[in-house]
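Colleague: Taken in sequence, the protein lines are chains F and G. The opening residue of the first sequence carries number 1 in the working numbering; numbering runs sequentially from there. The opening residue of the second sequence carries number 1001 in the working numbering; numbering runs sequentially from there.
Incorrect hints may appear among the rest.
[As the list claims (entries may be wrong)] Capping the alpha-carbon separation at 16 Å, the derived lysine to aspartate or glutamate pairs in EDC-like fashion look like this: (1) K1285(G) / D34(F); (2) K1316(G) / E53(F); (3) K1280(G) / E38(F); (4) K1160(G) / E47(F); (5) K1157(G) / D151(F); (6) K43(F) / D1190(G); (7) K1312(G) / E53(F); (8) K1276(G) / E38(F); (9) K440(F) / D313(F); (10) K1316(G) / D52(F); (11) K1160(G) / E1209(G); (12) K1319(G) / E174(F); (13) K1288(G) / E423(F); (14) K1280(G) / D34(F); (15) K1276(G) / E347(F); (16) K1280(G) / E47(F).
The set of hints was computed from the structure by calculation and includes no laboratory data.
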Amino acid sequence: MAIEVLMPALSPTMTEGKIAKWAKAEGDVVAAGDVLAEIETDKATMEVEAVDEGILGKILVVEGSEGVLVNTPIAIIVEEGEDASDVAVSAAPGPAAPSAEITAPAAAPAPAAPSQGAIAPEPDTTGPTINQTVREALRDAMAEEMRADADVFLMGEEVAQYQGAYKISQGLLEEFGSGRVIDTPITEHGFAGLGVGASFSGLKPIVEFMTFNFSMQAMDQIINSAAKTLYMSGGQMGAPIVFRGPNGAASRVAAQHSQCYASWFAHIPGLKVVSPWSAADAKGLLKSAIRDPNPVIFLENEILYGQSFDVPDHPDFTIPIGRAKIERPGTDVTITAFSLMVGVALEAAEMLAADGIEAEVINLRTLRPLDTETIVQSVRKTNRLVNVEEGWPTAGIGAEMAALMMEHAFDDLDAPVVRVTGEDVPMPYAANLEALALPKAHNIVEAAKSVCYR
Amino acid sequence: MAKASKTASKKTSKKKKTPVKAAKKNKGASAEKLLHAYRQMLLIRRFEEKAGQLYGMGLIGGFCHLYIGQEAVVVGMMATAGENDSVITSYRDHGHMLACDMDPKGVMAELTGRRGGYSKGKGGSMHMFSREKNFFGGHGIVGAQIPLGTGLAFANKYRKDGGVCHAYCGDGAINQGQIYEAFNMAKLWDLPVIYVIENNRYGMGTSIERASSMTKLYKRGDSFGIPGAQVDGMDVEAVRAAGEKAAEWCRAGKGPFILEMKTYRYRGHSMSDPAKYRDKEEVTKVRKESDPIDNLRDKLISAKITNEAALKDIDKEIKAIVTAAAEFAQASEQPDLSELYTDILVEV
């Protein structure tokens, strides 16, 4: 049976080319792998090899021809005894790739009606509570999940024998042994990748970064391997893994150790990003993160580790990922914040109350997916929004918040959304400059007053 | 598979037997195994040629890295694989998938970006997976698969399931820093992983001599205490023998093993590589003298394991499989547009 040789595409962008030279003549025997011709593309001259065997029956496009469209028949290969002139040549070009044109709208779901969809409701917290630090709450969350599921393990620098650089994993080595509480070398890129690989096979690693500043070493494995594999595999396999550790500025540790990663990770489809404030947040959200079948970035805060809060004393207490919490109801202005800044926002709210402004403070808790519904409902009531974050302003969580309000609550706003952020500078070391670089309660008070036109 | 592990346990019981000596005893596979290897290598060769053709027709887009010339490496290694073993590799991955017994139709349909592909058309040439066949990708970032594969081996050890991970990379990837981070942890924790370095002499257009200060890649584990061996990666039997001894080493709990496979890719780095960095004669010489398929074919005939007519039948059979795969890959529809928003997160 005769076979048409088509003008090949030799690069992702080639649409036409020149037949620079025929390496075989009509009548020559051709074996698979033999060079048939040299073709010039816009980038290079490439050899075209035969895929089929037979005899070069007829050359349809002569040497030197330019602008030959991809998929144009350029030659015919025949079997022995066959005559090429009997073969009907299809009109150029031959079979083409399917069109990339979109025949139905594939736009993102319309942004009109934010909904929490299937997110579980806020847990009942009216029962008995215990008072504990964020540090203890994080430890208890891990211990409880490790008791419940043998596939959960903890790895990171100094998590085992040292009991955690910030003493988060205290007692875990003793209870679970060195097979499940694993000290790693200082090798973030490596152990992040190792953890993702283990999660591909169904284990549920908790990978601790001593601080998230070091997660930049591991960025490729977090984003390219953990976040994208579910999609790239058509849903066959993903990465049930938690990356956790302190995020943001601590105190006097300067530029390379004082940085908020919230907006970095919140940018990435395929990740969930959580940032707790209270000990109850820490416990309930970490348990949910460990149980979640997706990669979860869990951004803690060193300054909060020693702060104490009431935590529901219930073995099944969890907080659903994706649900914000109104920490303080109010009617005049909405203040959104996460992590350490929730406490600062609450402090500001008290100062505002003294001036007759009732602020509603929303603890975002999850940054991806953001609980747009709760925020929009609040803004429908207050008509004003101030977002607070430690991170930089450009392309930050506040920028996202402003855009979301444009999309979902434009007609409800009585004032532009205002961002209170860390200053747009690397973190300075000097105590006075560092203080100047981070948001303080009075900055929030000023912002809230400005949107209330006071 | 069961046989291979039996042999392994028998050997480890013998004292002071180095894996090198042990492997020699195992030399010479059965006729059936050799024929299987021949079919597998031929399937990969013909599949890749067809993929190149479909690329030329514009049916496959983007990057497409062909495995032609390197077939003996993965086929020889898979001859040693046991039940809980896993495979992970880079973007030159079509051969590995076929050697893992993944369906050629599903692989080819992924290359054409259709819903019948292994990733429903959303992954493409470089991103395919099969949980069922323990094939964990298909990774596009050079070297990233090595920590991931080390993590798969970590899971084997964690579960004590006797599995070994085959983690492949090229001579270009071997200079990535994260590979040494993985080597360190693999030996520190004695993880069951075979690092298979497919040294095809060129990292894209840069020859190994121009990229590596020390080109004996099997020694790259020296500073971690990981043993290594150099293997003729054009000889499927040599690969299998080396793979067996490495697997035996891993299954005995001795930790990782490095195999440097000296191999060669006939085609360019990707479809759009005119390969001006090497002489045509170099390629011709390897094809003529060292082709893994031709050499095995000659051997099968000279050893009277089979004859020309029987090999012709295999050729026909393989051609039919590849033709059917190509037809399926063109007939399968593009993904439904709703697929744009699926598989981003597992719904909780």
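Colleague: For each hint, tell me whether it holds in the structure or not.
Modeller: Status of each hint after checking the structure:
no.: 1; hint: K1285(G) / D34(F); in the structure: holds, 14 Å
no.: 2; hint: K1316(G) / E53(F); in the structure: holds, 13 Å
no.: 3; hint: K1280(G) / E38(F); in the structure: holds, 13 Å
no.: 4; hint: K1160(G) / E47(F); in the structure: violated, 51 Å
no.: 5; hint: K1157(G) / D151(F); in the structure: holds, 12 Å
no.: 6; hint: K43(F) / D1190(G); in the structure: violated, 48 Å
no.: 7; hint: K1312(G) / E53(F); in the structure: holds, 14 Å
no.: 8; hint: K1276(G) / E38(F); in the structure: holds, 13 Å
no.: 9; hint: K440(F) / D313(F); in the structure: violated, 33 Å
no.: 10; hint: K1316(G) / D52(F); in the structure: holds, 13 Å
no.: 11; hint: K1160(G) / E1209(G); in the structure: violated, 40 Å
no.: 12; hint: K1319(G) / E174(F); in the structure: violated, 60 Å
no.: 13; hint: K1288(G) / E423(F); in the structure: violated, 66 Å
no.: 14; hint: K1280(G) / D34(F); in the structure: holds, 13 Å
no.: 15; hint: K1276(G) / E347(F); in the structure: violated, 68 Å
no.: 16; hint: K1280(G) / E47(F); in the structure: holds, 11 Å
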